[in-house]
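Novice: What follows is the residue order along each chain.
There are 2 protein chains.
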Amino acid sequence: MSNRSVGPEITRLIEMMSKLPGMGPRSARRAALHLLKKPEQLLAPMARAMADAAQKVSACDVCGNFDTLNPCAVCQATGRDEAVLCVLADVGDLWAMERSGVFRGRYHVLGGCLSALDGIGPDDLNIASLISRAGQDQVKEVILALNATVDGQTTAHYVADQLENSGVIVSRLAHGVPVGGELGSLDDGTIAAAFSSRR
Amino acid sequence: MSNRSVGPEITRLIEMMSKLPGMGPRSARRAALHLLKKPEQLLAPMARAMADAAQKVSACDVCGNFDTLNPCAVCQATGRDEAVLCVLADVGDLWAMERSGVFRGRYHVLGGCLSALDGIGPDDLNIASLISRAGQDQVKEVILALNATVDGQTTAHYVADQLENSGVIVSRLAHGVPVGGELGSLDDGTIAAAFSSRR
Chain A
1 MSNRSVGPEI TRLIEMMSKL PGMGPRSARR AALHLLKKPE QLLAPMARAM ADAAQKVSAC
61 DVCGNFDTLN PCAVCQATGR DEAVLCVLAD VGDLWAMERS GVFRGRYHVL GGCLSALDGI
121 GPDDLNIASL ISRAGQDQVK EVILALNATV DGQTTAHYVA DQLENSGVIV SRLAHGVPVG
181 GELGSLDDGT IAAAFSSRR
Chain B
1 MSNRSVGPEI TRLIEMMSKL PGMGPRSARR AALHLLKKPE QLLAPMARAM ADAAQKVSAC
61 DVCGNFDTLN PCAVCQATGR DEAVLCVLAD VGDLWAMERS GVFRGRYHVL GGCLSALDGI
121 GPDDLNIASL ISRAGQDQVK EVILALNATV DGQTTAHYVA DQLENSGVIV SRLAHGVPVG
181 GELGSLDDGT IAAAFSSRR
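From first to last, the protein sequence lines stand for chains A and B. Using UniProt numbering, read the first sequence as starting at 1 and increasing by one per residue. Using UniProt numbering, read the second sequence as starting at 1 and increasing by one per residue.
So here's chain A without its partners, still in its complex pose:
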């Protein structure tokens, strides 16, 4: 669409939307058209919501969560257990954990996983701040809720190693059959893990 039949503002909007995860050129065009059809009701409000978020939201200095507050609402909340830290790779994982409603302690977002391939080392992640938080008196347990991937498990090993002499209990999420999961569609590793951890 280099053609002038589509103006530069529209072309730019489509190009930016096509770079969103899960979007391609076709779906970006469809989404942009959907917004352009209702500039006052959809496009302008979305522009404001994005500008608002870009201006006000930042990573929490304590745990790495995204929020307009800093420290974030989870770090400031009074009703949450100070004794347990849940370590996550990503803010998206924090959102998922909060949706599950199962955890009422504090979080620590590493900001990724160790990856030799992507050149991500311990200094690129919020590991030093985790070690320092885990050293505080009130912290009794650190739950490593990292992805069950090679990078996630490498990171979990590394963090567990770093915490070895801190006196806190280090635990990990259980591996097993996902709720609603069918055995036939699971990989061998998951079945083996679920089998060896059977209760």
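Simulated from the structure, these hints should not be mistaken for laboratory data. Because the structure is a prediction, the values reported are computed rather than measured. Please note: incorrect hints may appear among the correct ones.
For lysine-lysine, the following DSSO-like pairs were computed, each having C-alpha atoms within a straight-line distance of at most 27 Å [as the list claims (entries may be wrong)]:
1) B:38 / A:56
2) A:56 / B:140
3) B:19 / A:38
4) A:19 / B:38
5) A:19 / B:19
6) B:19 / B:56
7) A:56 / A:19
8) A:37 / B:19
9) A:19 / A:38
10) B:37 / A:56
11) B:56 / A:19
12) A:37 / B:140
13) B:19 / B:38
14) A:19 / B:140
15) A:38 / B:56
16) B:19 / B:37
17) A:56 / A:38
18) B:37 / A:19
Some chain B residues close to chain A (C-beta under 7 Å, calculated; not the full set) [unchecked claim]:
19) 50
20) 71
21) 74
Now the in silico label distances, taken between C-beta atoms and shown as ranges [stated by the list, open to error]:
22) A:128 / B:55: 40 to 50 Å
23) A:21 / B:195: 41 to 51 Å
24) B:116 / A:173: 27 to 37 Å
25) A:193 / B:112: 49 to 59 Å
26) A:73 / B:180: 22 to 32 Å
27) A:154 / B:26: 20 to 30 Å
28) B:121 / A:73: 46 to 56 Å
29) A:160 / B:58: 34 to 44 Å
30) B:123 / A:182: 50 to 60 Å
31) A:160 / B:19: 21 to 31 Å
32) A:70 / B:185: 47 to 57 Å
33) B:55 / A:138: 44 to 54 Å
34) B:38 / A:177: 30 to 40 Å
35) A:11 / B:79: 13 to 23 Å
Positions of the beta carbon are idealized from the N, C-alpha and C atoms, including for glycine.
Take the given structure of chain A and dock chain B to it, following the hints.
Specialist: Just chain B now, with coordinates in the frame of chain A:
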């Protein structure tokens, strides 16, 4: 995510994105997170691009295309054939037509198709302005490039009917096998149309 662990600005951004065509709650969260991770490089520029488009882009008074110019760039272009009008349901169809590069005349966007089910009648579409444009001396042919759906073909019939006494040639896109299409995956109607229009 009614929970305060995710702030209202982020919740609102995710909600708005989840209403885009092709997006759901999960992909909206992923896209919002992707943007929030780079507020300066991604989120703020996208907010500006959207605000820019919302402010500057409008529907062309002549043909219904979206552009920052009014009349739009296609209507203003000097190199295009004034004698042929291509009638489309939607601006997205105009973009597709321009990408194909096959048409060098003028456009007329109806803004939808007639639909008894959705309560869209002739007065809801830019049909009156089409009849008036088709009545201009320089216009010799009107190409009805409408979807090969029931609503699209109903609309084509209606428009052709309205243009019957205007003295212009009314043509329609050919039906047939899409280029690259496999016979086995086509519906009966398309095969029948391709067969009866064989050359």
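Novice: So, for every hint listed, does it hold in this structure?
Specialist: Each hint tested on the structure:
1. B:38 / A:56: holds, 13 Å
2. A:56 / B:140: violated, 57 Å
3. B:19 / A:38: holds, 13 Å
4. A:19 / B:38: holds, 13 Å
5. A:19 / B:19: holds, 18 Å
6. B:19 / B:56: holds, 23 Å
7. A:56 / A:19: holds, 23 Å
8. A:37 / B:19: Within the cut-off at roughly 14 Å; holds.
9. A:19 / A:38: Holds, because 22 Å separates the two Cα atoms, which is no more than 27 Å.
10. B:37 / A:56: holds, 13 Å
11. B:56 / A:19: holds, 23 Å
12. A:37 / B:140: Roughly 30 Å separates the two Cα atoms, so the pair is violated.
13. B:19 / B:38: Given pair residue 19 of chain B, residue 38 of chain B holds - Cα atoms ~22 Å apart, limit 27 Å.
14. A:19 / B:140: The hint is violated at about 42 Å.
15. A:38 / B:56: It holds: about 13 Å lies between the C-alpha atoms, which stays within 27 Å.
16. B:19 / B:37: Given pair residue 19 of chain B, residue 37 of chain B holds - Cα atoms ~21 Å apart, limit 27 Å.
17. A:56 / A:38: holds, 26 Å
18. B:37 / A:19: Given that 27 Å is the threshold and the Cα spacing comes to 14 Å, the pair holds.
19. 50: holds, 4 Å
20. 71: The hint is violated - residue 71 of chain B has no Cβ within 7 Å of chain A, the shortest such distance being about 12 Å.
21. 74: At about 5 Å, which falls below the 7 Å cut-off, the nearest Cβ of chain A leaves the hint on residue 74 of chain B intact, so it holds.
22. A:128 / B:55: 40 to 50 Å: Between residue 128 of chain A and residue 55 of chain B, where Cβ atoms are some 45 Å apart, the hint holds.
23. A:21 / B:195: 41 to 51 Å: holds, 43 Å
24. B:116 / A:173: 27 to 37 Å: Once the Cβ atoms are compared, 55 Å apart, the range 27 to 37 Å for residue 173 of chain A and residue 116 of chain B is violated.
25. A:193 / B:112: 49 to 59 Å: Holds: the Cβ-Cβ distance is about 54 Å, inside 49 to 59 Å.
26. A:73 / B:180: 22 to 32 Å: The hinted range 22 to 32 Å is violated for residue 73 of chain A and residue 180 of chain B, with Cβ atoms some 52 Å apart.
27. A:154 / B:26: 20 to 30 Å: holds, 26 Å
28. B:121 / A:73: 46 to 56 Å: holds, 51 Å
29. A:160 / B:58: 34 to 44 Å: violated, 59 Å
30. B:123 / A:182: 50 to 60 Å: holds, 53 Å
31. A:160 / B:19: 21 to 31 Å: violated, 42 Å
32. A:70 / B:185: 47 to 57 Å: Since the Cβ atoms of residue 70 of chain A and residue 185 of chain B sit about 55 Å apart, the hinted range of 47 to 57 Å holds.
33. B:55 / A:138: 44 to 54 Å: holds, 51 Å
34. B:38 / A:177: 30 to 40 Å: holds, 36 Å
35. A:11 / B:79: 13 to 23 Å: holds, 20 Å
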